[in-house]
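Trainee: Full structure from sequences and hints, please.
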Amino acid sequence: MNIRSVVPEWLLDLLMGYLDPAAAHYSRRPEHYLHRQTWLDTFLSPEHTIAAFPQYHVRFVDRRRWHIKDKLVAKGKYYIHVSEFDF
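Each residue of the sequence shown is one higher than the last, beginning at 2 in the numbering used here.
These are computed hints drawn from the structure, not numbers from a lab. Computed from a prediction, not measured in an experiment: that's the story for all the values here. In this text, a Cβ means the ideal position worked out from N, Cα and C, and glycines have one as well. Watch out, some of these pointers could steer you wrong.
What the hints assert, rightly or not - Cβ pair distances, simulated, as ranges:
| # | residue 1 | residue 2 | range |
| --- | --- | --- | --- |
| 1 | Leu20 | Leu45 | 34 to 44 angstroms |
| 2 | Thr39 | Val7 | 17 to 27 angstroms |
| 3 | Leu12 | Phe54 | 24 to 34 angstroms |
Mentor: As structure tokens, this is what we get:
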């Protein structure tokens, strides 16, 4: 395994003590923040997804971005999309 391909250079520098630990905080690296994240099989069910984010309003959409009203229909791979992010 090639360590350079697994660990990004900025993170390796941070782990080695060359950078300020606060520099790794997501609010200081907006160019690396992805608004759409793939979570695949992290969540067991729609209820589990909602319970994981109690501070947010969670809604489920299909591939066409249509709102799914019945949570029981929301099965399969989960992707989290954050439309707005405050730094």
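Trainee: Hint compliance check: list the failing hint numbers for this structure, sorted ascending.
Mentor: none
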